[in-house]
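Fit chain B to the given chain A structure using the hints.
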Amino acid sequence: MSAEDQSAPREPSGHQQSVVVHDRGAAIEQSDAFENPGLPPHRPRQTDLHPHKERRAERQVVGWFLLSMLGSVLAIVAYIAVPIELGNMASVRANNLFLGLSIALALLGIGIGAMHWARQLMSSHEVVEERHLTRGSEPSRARAVEIFQLGDEESGFSRRSLIRNTLIGAIALVPLPAVVLFRDLAPAQDAVEAIAHTMWRPGMRLALDPSGALIRAADVTQGSAFHVIPEPLAEIGHNEGYLDQKALAAVLLVRVPPERLNEVPGREGWSYDGIVAYSKICTHVGCPVALYEQQTHHLLCPCHQSTFDVSNHAKVVFGPAKRPLPQLPITVDDEGYLVAQRDFTEPIGASFFERLQHVDPEHVPLSAAETENRA
Amino acid sequence: MTTTAPRSSFTAQASNYLDERTSISTMVSALGRKVFPDHWSFMLGEIILYSFVAILLTGTFLTFFFEPSMTAIEYDGSYVPLKGVEMSAAYASTLDLSFDIRGGLLMRQVHHWSALLFVAAIGLHMLRVFFTGAFRKPREINWVVGFILFILALAEGFTGYSLPDDLLSGNGLAIINGMVKGIPVVGTWISYLLFGGIFPGDDIVPRLFVLHIMLLPALVIAFIGVHLVLMVVNKHTQFAAPGKTNDNVVGAPIMPLFAAKAGSFFFIVFGFLVAIGSTFTILPVWDFGPYDPSPVSAGTQPDWYIGFADGALRLAPGWESEIFGLTLSWNILLPIAVLGGFIVLVMFYPFIEGWITKDQREHHIAERPRNNPTRTAIGAAGIWFYAVLWAAASSDLIATHFHLNVFQVTWALQAALILGTVIVYWITKRTAIALQKKDREILLHGYESGNIRRLPGGEYVEVHEQLDDYQSWKLKAYESYAPVMVRPNANGRITPATHLRSAMSRWFFEDRIEPITRSEIEASKHHH
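Protein sequences appear in the order of chains A and B.
Per the working numbering, the very first residue in the first sequence carries number -15; after that it's consecutive.
Per the working numbering, the very first residue in the second sequence carries number 135; after that it's consecutive.
Isolated chain A, as found in the complex (with noise of 0.2 Å):
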């Protein structure tokens, strides 16, 4: 065929690599195998054989180019025709259809009449060029490893080893000052510490999130959920520090029909009359566990899907998480609104390593049997 040769080589004739043999290792050589047969006859094409099809072709691939511009020119239309009004959705949608639309018209336009262009008038005739391995040629070879020795022999770097030992000491320890530089990516406190405790202090009060209305006892009606946060959270500005404090005061307040409720010795006195609040951070990797299911009184990660029983304080029921969410407890202050008695007993939210050293010694731990008891 008329396939052209490609192999025009790109060192001098005479460096051929044709004595390398590699090992083949674990293939099996066959004897007996069949021939590659060569190339097939190449098979001309409708508009190889047709010049009226040729000539269609043709008109095809121009008529797609000037789509193309016809996309252009609409798009720049669409741009002052189909503008936005602030506010209306609708214009939004529109501006972004036409626009869109247009613009797409224009590259396909190109792109479909090109690749026709390219499939039905350009030479189909395939091209075979020779392959070469991979490795430089010997000459190539033995010159870079000639350039390394004399670098070597130029420089000294083998011979005059304390100089060179120095060096890479040197080199090793010029990074270091980087990784100190990053210290100050965050705050000088100490990382545990803020994160070992939330705000939430003796009698502050409970309010609804967001909008920083106080709760008495008597709203918090049987079946619902209450989405609380500590009352002076509502006055911090949103600059201030809000959702960093929300992160982790957040606490979910649910009122358990007395005969439902289970309390472990200790924290008999931690929930007021049925209602018991339990931090909102899930203790798997801290999404806020948000779904309550008031008929089995579980409480539901959404993210992935660990499920706390409240009305057993909170252990895991179901998922990956594998502590029982921490529990605020709550009192009610003279004037009948709901307060908290102090701060949680141990760090909210995700695991972490240090996490043991923040428990409070007022901490009243559920057994194991209590945890581990999973439906």
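Among the hints, a few may not be true.
To be verified - Reference listing, derived: stretches of chain B covered by chain A, where coverage requires no fewer than 3 residues with Cβ under 8 Å from a Cβ of chain A:
1) 404 to 418
2) 427 to 439
3) 447 to 457
4) 605 to 617
What the hints assert, rightly or not - Taking lysine to any residue pairs in the SDA-like style, the calculated list, with each CA pair at most 25 Å apart, reads:
5) B:K563 / A:A10
6) B:K492 / B:M481
7) B:K271 / A:H26
8) B:K608 / A:H26
9) B:K608 / B:E654
10) B:K217 / B:A206
11) B:K492 / A:A11
12) B:K492 / A:Q14
13) B:K563 / B:E599
14) B:K492 / A:H6
15) B:K608 / B:R621
16) B:K571 / A:P21
17) B:K608 / A:G22
18) B:K572 / A:S15
Derived by calculation from the structure, the hints in this document are not laboratory data.
Each residue gets a CB set at the ideal place from its N, CA and C atoms; glycine is no exception.
Only chain B this time, still in chain A's reference frame:
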């Protein structure tokens, strides 16, 4: 001394001007007629490149309007439902560029769709290379370069997804924060430094922005450069076909055919992405509201390519241990280890297979997957493993859509992850071997022509017809490997590595169908 043709055209003069200053004719003569083989699956890599160009173009437009700041402001833009809401400048500027800027929403959507296509095409391209053995010598290093690009693409995707600072992206970051904290010894501090204090802080968006638009794209461009240079040096693989051997490349020359096809394909990919961006909504961040650590809606989903990591978290057992007053979160470490192990295995697979075969020759023929049954089965098992983790990221949606119990869905997926991987491996291996047997059958006895004849005795037979030499070459042209025996080395010792290699080569090559030989065909002819 230079010689130029007298009275040359403008093009000739310009070319001469350029060549005398750049020596560009050397490059044109070396590469201008370089040959690229043609196969639809070779276009997958091109889609990656072209969608990346679309990402760069649309992303640059977005940076002109996006404000990477977590400073809180009261929204006073044109999207009425969020008027008066406290939100970060990042979220507000995302709303503004979507609703106030003509073409802004289009560019955002094309950017996101391009990113999704980018990652999807990388996945398919990797599968093509894996299943055809195109990672074998001399392309092992380019496989690793490509794999690093895959990881970079995931990092680009995740950092980009996090920038608008909406409820979903913030939740994604909350999960990252929790995972980082689960790392022993340094986790708490890494999280603290990453977020510039406690989560969410007000530093993460500008930091991710710098990674997303500067560091990561620079790395992606650099690695794409290396990837393409190595592809040119190694030349492209081709499927075995008449005239196509291990020692040549048959296909279209760059000038003009390949350049025309590749160039037009860029416009088709880009045009397709713009068409999708103008007709299909992607990630309507205005529906979710600004980030707040308290609310979250049911059915939250990460972008699909992060799904496998989220799914791994969902399927992990709830284990933690407390040793010497320190907490080890196995429910986080185990999925990280499984994903890390999976990634390392994929990344180093070419070296593992190369060690088993010890085949030092260069391989330029893309294998048909059936002709390497064990590798194909490993690949299929890997796909299954990945797919189950991916499906697990939607375990809650599977439960709600099909009215199932989410606990049972999780248990079923856990079982599918482990048992299914083994079953898929086995089925694929047997299927590949069966297909090889079918190829052999066709070579020996011809293919079923569909032509039924009635013999004089009343018997019906189907006429089998033989393939011609061109048609049958595809079925004959492959190589097979035999298991290696345990043999003592030069010191007369049998090392554990020798035993391991022998065992692995038995696992790979014990069940095999060797390519058909002339004598077998001859024998079958005489038999008839």
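Check your understanding: Between K608 (chain B) and R621 (chain B), is the straight-line Cα distance small enough, at 25 Å or below?
Key -> 35 Å, violated
Check your understanding: Under the criterion that the straight-line Cα-Cα distance not exceed 25 Å, is the pair K217 (chain B), A206 (chain B) satisfied?
Key -> Distance ~14 Å between K217 (chain B) and A206 (chain B) Cα, so the pair holds.
**Study point:** Restraint status (C-alpha distance of K563 (chain B) to E599 (chain B) at most 25 Å)
**Key:** 29 Å, violated
Review point. Quick one, are K608 (chain B) and E654 (chain B) close enough, alpha carbons at most 25 Å?
Key: With a Cα-Cα distance of about 17 Å, the restraint between K608 (chain B) and E654 (chain B) holds, given a limit of 25 Å.
Check your understanding: Is the hinted pair K563 (chain B) and A10 (chain A) satisfied, with a Cα-Cα distance of at most 25 Å?
Key -> 20 Å, holds
Check your understanding: Given the proposed pairing of K271 (chain B) with H26 (chain A), does the C-alpha separation stay at or below 25 Å?
Key -> 32 Å, violated
Check your understanding: Given the hint that K572 (chain B) pairs with S15 (chain A), does the C-alpha gap stay at or below 25 Å?
Key -> Holds: K572 (chain B) and S15 (chain A) sit about 23 Å apart, inside 25 Å.
Exercise for review: Please work out if K608 (chain B) and G22 (chain A) have their alpha carbons no farther apart than 25 Å.
Suggested key: 12 Å, holds
Point to revise | Verdict on chain A covering the segment 427 to 439 of chain B, where coverage means 3 or more residues with a C-beta closer than 8 Å | key: holds (count 8)
Practice item. With a C-beta cutoff of 8 Å, work out whether three or more residues of the segment 605 to 617 of chain B approach chain A closely enough for the coverage to hold. Key: Coverage by chain A holds for the segment 605 to 617 of chain B (8 residues, Cβ < 8 Å).
Point to revise | Proposed proximity, P21 (chain A) with K571 (chain B) (alpha carbon, max 25 Å) | key: Given that 25 Å is the threshold and the Cα spacing comes to 23 Å, the pair holds.
**Study point:** K492 (chain B) paired with H6 (chain A) [C-alpha distance capped at 25 Å]
**Key:** 10 Å, holds
The structure is inconsistent with the numbered hints 7, 13, 15, although it conforms to all the rest.
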